[in-house]
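Novice: So the protein lines, in turn, are chains A and B.
Note that the working numbering gives residue 29 to position 29 of the first sequence, counting from 1, and the numbers run on in steps of one.
Note that the working numbering gives residue 116 to position 116 of the second sequence, counting from 1, and the numbers run on in steps of one.
These are calculated hints, taken from the structure and not from any lab test.
Keep in mind it's a predicted model, so treat the numbers as computed, not measured.
Incorrect hints may have been included.
If the Cβ cut is set under 10 Å, some of the chain B residues that face chain A in the computed set are [stated by the list, open to error]: (1) A60; (2) P107; (3) P151; (4) K153.
For every residue, glycine included, the Cβ atom is placed at its ideal position computed from N, Cα and C.
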Amino acid sequence: MKWKVNVIVRLKEGLNDPEGRVIQNALRNLGFNVENLRVPKYFEFELESENPEREAEEMCRKLLANPLIHEWEYSIEPVS
Amino acid sequence: MVKFAVVVFPGTNCDFETERAIRKAGGEAERVWYKTSLKDFDGVVLPGGFSYADYLRAGAIAARQEIMEEVKEFAREGRPVLGICNGFQVLTESELLPGALRPNRVPRFICRWVHLRVVDTETPFTQFYEPGEVIRMPIAHAEGNYYTDDPSKVRVVFQYSDEKGNITEEANPNGSIMNIAAVANERGNVLGTMPHPERASDRFLGSEDGLRLFRSMVEWARR
Numbered sequence: 001m002k003w004k005v006n007v008i009v010r011l012k013e014g015l016n017d018p019e020g021r022v023i024q025n026a027l028r029n030l031g032f033n034v035e036n037l038r039v040p041k042y043f044e045f046e047l048e049s050e051n052p053e054r055e056a057e058e059m060c061r062k063l064l065a066n067p068l069i070h071e072w073e074y075s076i077e078p079v080s
Numbered sequence: 001m002v003k004f005a006v007v008v009f010p011g012t013n014c015d016f017e018t019e020r021a022i023r024k025a026g027g028e029a030e031r032v033w034y035k036t037s038l039k040d041f042d043g044v045v046l047p048g049g050f051s052y053a054d055y056l057r058a059g060a061i062a063a064r065q066e067i068m069e070e071v072k073e074f075a076r077e078g079r080p081v082l083g084i085c086n087g088f089q090v091l092t093e094s095e096l097l098p099g100a101l102r103p104n105r106v107p108r109f110i111c112r113w114v115h116l117r118v119v120d121t122e123t124p125f126t127q128f129y130e131p132g133e134v135i136r137m138p139i140a141h142a143e144g145n146y147y148t149d150d151p152s153k154v155r156v157v158f159q160y161s162d163e164k165g166n167i168t169e170e171a172n173p174n175g176s177i178m179n180i181a182a183v184a185n186e187r188g189n190v191l192g193t194m195p196h197p198e199r200a201s202d203r204f205l206g207s208e209d210g211l212r213l214f215r216s217m218v219e220w221a222r223r
């Protein structure tokens with residue numbers, strides 16, 4: 001069966017995000033009162049699989065994220 | 001003569017200098033495309049550059065190539081494995097070394113000379129340095145901010161310092177935890193260094209401090 005998978009990988013709470021800080025400063029310079037801006041990574045793909053949850057989890061652990069510094073979440077729905 | 005493989009991935013760019021530095025240190029070296037085999041070599045060096053354009057995370061894609069299984073075998077057998085800059089990132093991504101190299105605290109590419117304090121002289125790569133000695137090498141990276149959740153478990157080899165060897169916040173170029181610039185595995189035969197020893201291997205480059213690292217490695221492999 002074919003699935004549409006969306007994965008978000010973000011830095012663990014408490015780890016500083018230099019890119020996020022720069023973007024936040026730029027937004028503040030434009031007059032927006034932004035706080036706690038983070039820059040997660042977003043992946044979307046189609047997956048042929050009998051067990052998409054297990055494979056998505058494995059993909060995050062093996063490549064898409066670095067378990068030492070990242071946490072992740074994903075959503076999976078059938079391709080219609 | 002002991003022979004080292006200098007592994008070339010797409011985007012590697014410090015391979016020629018590294019090969020030359022090993023030869024100057026008395027070893028034989030050969031640049032090896034990542035699709036070939038590492039048999040007949042006594043040690044492996046993963047040089048600097050931008051393998052796979054630093055896509056995803058620096059070193060992440062190279063770390064998952066087939067040749068890394070052979071590199072892991074070298075590490076298990078106790079033969080020397082050295083990762084410089086991007087090579088260090090490949091070694092952490094492949095879990096041959098603990099920790100992760102995150103984007104610099106100020107998120108930009110830094111290219112300059114730094115002072116380093118030699119912390120551990122018991123590794124195959126640092127036996128020709130004095131404990132506490134201060135040396136000079138260049139850094140050139142955007143993702144060199146070393147992070148580990150448990151620094152007490154890491155074998156620290158070089159720390160960023162001032163010219164007197166003091167470990168200060170001002171001497172820390174990238175935000176690395178404890179000013180860590182180079183680490184080894186528990187056994188000592190795998191070393192990752194963000195500073196470039198090959199760029200400090202000739203007095204016309206401004207320093208020969210890095211050459212001793214290659215001399216140590218060559219001498220150690222010869223035994």
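Novice: Against each hint, give a clear statement of whether it holds in the structure.
Specialist: The hints, checked one at a time:
1. A60: With a closest approach of 7 Å, the A60 of chain B hint holds.
2. P107: OK, holds: P107 of chain B within 10 Å of chain A, min 4 Å.
3. P151: With a closest approach of 13 Å, the P151 of chain B hint is violated.
4. K153: violated, 12 Å
Hints 3 and 4 from the list above are not met by this structure, while the remaining hints are.
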